[in-house]
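Asker: Just need the whole structure built from these sequences, with the hints factored in.
Protein chains in written order, with the working numbering: chain A, 1111 to 1418; chain B, 344 to 516; chain C, 124 to 539.
I should point out that these hints are in silico values taken from the structure, not numbers from a laboratory.
Treat the hints with care, as some may be off.
[As the list claims (entries may be wrong)] Calculated lysine-lysine pairs in the DSS-like style (CA-CA distance at most 30 angstroms, straight line):
| hint | chain 1 | residue 1 | chain 2 | residue 2 |
| --- | --- | --- | --- | --- |
| 1 | B | K461 | A | K1322 |
| 2 | A | K1322 | B | K505 |
| 3 | B | K457 | A | K1174 |
| 4 | C | K128 | C | K386 |
| 5 | C | K239 | C | K536 |
| 6 | B | K461 | A | K1183 |
Since we're looking at a predicted model, the values are computed, not measured.
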Amino acid sequence: MKMLNRRSFLKGGLAGGAAIAAVGTSKQAGAAGQSFGGYPDSMGVLVDLTKCVGCRTCEAACNKEQGLESPDKPFDDLSVFEEKREGGLPRRTTEKAYTVVQKYEVEGREHPLFRKVQCNHCNEPACLTSCFVNAYKKTPEGAVMYDPTVCVGCRTCMIACPFYIPAYSYSSAINPVVKKCIMCYDTRLKFGRPPACVEACPQEVMTFGKRKDLLKLAHQRIGQNPEAYVDHVYGETEVGGTAWMYLSDVPFDKIGYDTHLGDQPIISYVKEFLAIVPMVLTIWPALFTGFYLLSNRKDALKNEDNKS
Amino acid sequence: MGGRKKTLVGMAALMLLTAPLVAQSWAGDGPGSVELGSLANHYSAVTFDHAMHTGVATSCAECHHHTTGASPTDPTCARCHEAGGKSRSVACRDCHSDKRFSAEDLAKIEETPKMYHKGKLGLKGAYHQKCLGCHTTMGGPTGCQDCHTRNDKGDAFFNSGKYAPAPTAKAGH
Amino acid sequence: MNSLKSQGFAPVVSDRKKDGSEWTVKEKIMLGLSPKEYMAVQLRNPFNWVLWAIYAIGLPILVGRFIFGLGWVTHSSYDYPWGLFLGWGLFVMVPLSASGFMMGTTVELFGRKDFKSIERLGLLNGLLGYLFAVVFLQVDLGQPWRLIYPMFVSLGPAAVLFLVAWHVATYLSCQVAELVPAFSEWMGFPKAKKFIKSIVLGLTIAGIILSTLHQGALGALFTYAPGKVHPLWFSSPFQWFHFFVSAVFAGLSMLIVVSTLTKWFMRWRCDENYLNNLSKLTLGLAKGASLALITYLVIKIIGIAHDNDWQYLATGWGGWFMFEMVVGVILPLIVFTMAVRNSNASLARFGAFLAVFGLALNRLNTALITFNWQLYQEIPHWREVVIVITVYATYIVVYRAVLARMPILYTWKETK
Ligand code: SF4
Ligand code: SF4
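Answerer: Shown next, in the form of structure tokens:
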């Protein structure tokens, strides 16, 4: 092959530049990985697990409010607590149920403990940061919303959610979408009203209010009744804090909570990679053009040697 | 479609739910029985046999905290209300809001930064925590329908009774 | 075809037939055979019977996937949102296709003109691998018709997958451009070839940048699930680097594997130049791959040391990890080194098969097998497996068709 002359080399460089410009948008990625910490006045829900009696009223309320498909079993059928999904795990949120109640028999506790599961509406949601079409939005009120009209269905959000919350309507061929709790944002939260489950619960297991007030309340409850609670508010710091927080009288790891999530939002684990993106984009072209010039200099020298 | 309509229905339901149909009949020191209707949307009202319960409880304070003038049984309450501190009203709904988490209630908490009982339960929560708490330890009835008769709307809400799903529906994967 | 050639059949190698008249495009597509001969050749090949069997079962199921939805072909797992389509089709296919940018770099940038005879195979391996990774992605996406949304409709630039999408798309066009010369020779469009030649350096550098980033990004995708992948397969600061470096040896090894297959099954299509150089180039590739392997081994160990994951080595998962490392990394490293030292190309070929296996195992381990290691293991639905086999068979069919026609394994003879 004929060696490239200077002019064609420059042209080549330009084409390379154009290709880089085309992907330059991803440079923003590095900047977008900043810590956020949540909206100061966002709302939240404090769930006092010690009060839940496992009546499943919240599940029924959610089903009606969100207009979900009718359930496989009536909402007053308590046999669902014995149902297991794969791996002997308790049932989880599905495309038909944005919230489910689980039952745990804990050794040394007189009665079973019930745990309500739904989206925790993280301050810095993993689902949101992992989505490549920006389908998720954290509203100032605290809800993590999902926009089904732009979702491509890659399901990275389901990979990313540390709480295994988002479900997917696999059964639909035409319009499968992610299904998850939206904290009743468009029907209630937006108007300052609590989510349907909170209002329906006969036991007032859930307290609705500003997240920062709920935190005070949670610690106050623990402080006033130290023997009734473990000294931890789950969700205060987990993965950067969540809008839904929990009080319990048994250690959280005994009732299915992941206590190894750490306090860093999930995006912080991705930052190391995002940080190298602009570096590669700027350093590589120079580096490899240098390699090219060097290797061709050798060629040129060799040619001269051969000539002489 | 139906979004607005749904909201309206929801609001109507809420209004029903939060308008406690409380009727009392008095006997002696307190009411003989109390109609509790805070869940009237899905259940018929509960007739609470107050007289019977006064016989079971060791002190009025067990349910009424400090409001009847008796010394509260809960040590946390006793820290401030040791002496009793009789209130103008002893009715549950006069302290426990039937509109818990409504915008007004949340605003009231917000506007009163020095308010101590910020986390005070709403009416429905107060009933159930008190009733069920005691029933569990004393062996009283604890099932929902042990106290409430569910109405047709309630059956629909719970997808139960004649609204129950066809048994063919197999549990999803 | 190999037997045809031994009977004296001469494949198309230039614009003109022996008698001096030009080949028509149709004739070129028929490999210079008459339609009757062509059909006979196709029918005689037992590999084609296997393909037909695969299609007979696989095509209806593939069509069913789009009619009845993903729920019909997968277990619809919420805990395992990614199955074999991405586990195999994206996470294994893409690193095995890294050969494209590496051959470009070797020949065009480092001026190793001696690799020229295998460069085009490297580029083609890259292009087709990426193309079919996109096909697999399209099978897996819930709404494949929205594929362009991340580009033009709703952008999520902070997401790693956003970068993957853009880079794979851009890189695909880069690779198409890099293969234009082969196509233009075959079709007889010399102008296109000239143009690409003038920008080849830019294309190559763009290729390196894009490849570094998206190969790494595929690893970084798992940093969104720090607790879900087993710690031995996960290290948030190193994940992208592990994926990138393993893609280097995987791409080179895959090229050895493919060239070996062409040598065995498509000998009729290879010219002297290609066949004569192949052993030497195989050893060259093996040398490159062994350098990447040793780097990979070291950074894997650093990753474990950095996260202090030693205690996991003594568990069952640790045994599985050791198996992957020994069979898929250390063994090929030793085999490659011995092969290079003894100039034994066959040994290098064996090493390459091992390294490709090791890479595939690593990606499947990360994406599927150790994913949710604290929950349970998911066994893919049989229809999912059938679809993967069907799409992969199509990849082979396309690959073979291009190799049989365009000047990849042979040099085009200019007649003008
Ligand atoms: S719990 Fe999961 S789905 Fe909900 S906001 Fe957090 S990451 Fe997203
Ligand atoms: S409605 Fe309240 S008490 Fe009943 S299951 Fe739900 S959270 Fe528990």
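Asker: Is K1322(A) close enough to K505(B), meaning Cα to Cα at most 30 angstroms?
Answerer: violated, 44 angstroms
Asker: Given the hinted pair K461(B) and K1322(A), is their alpha-carbon gap at most 30 angstroms?
Answerer: holds, 13 angstroms
Asker: Run the distance test for K128(C) versus K386(C): straight-line Cα separation, threshold 30 angstroms.
Answerer: holds, 14 angstroms
Asker: Does K1174(A) sit within 30 angstroms of K457(B), going by the straight-line distance between their CA atoms?
Answerer: violated, 38 angstroms
Asker: Sort out whether K536(C) lies within 30 angstroms of K239(C), counting only the CA atoms.
Answerer: At roughly 16 angstroms apart (the allowed maximum being 30 angstroms), K536(C) and K239(C) satisfy the hint.
Asker: Are the Cα atoms of K461(B) and K1183(A) separated by 30 angstroms or less?
Answerer: The given pair, whose Cα atoms are some 38 angstroms apart, is violated under the 30 angstroms limit.
Consistency note: the structure conflicts with the earlier hints numbered 2, 3 and 6.
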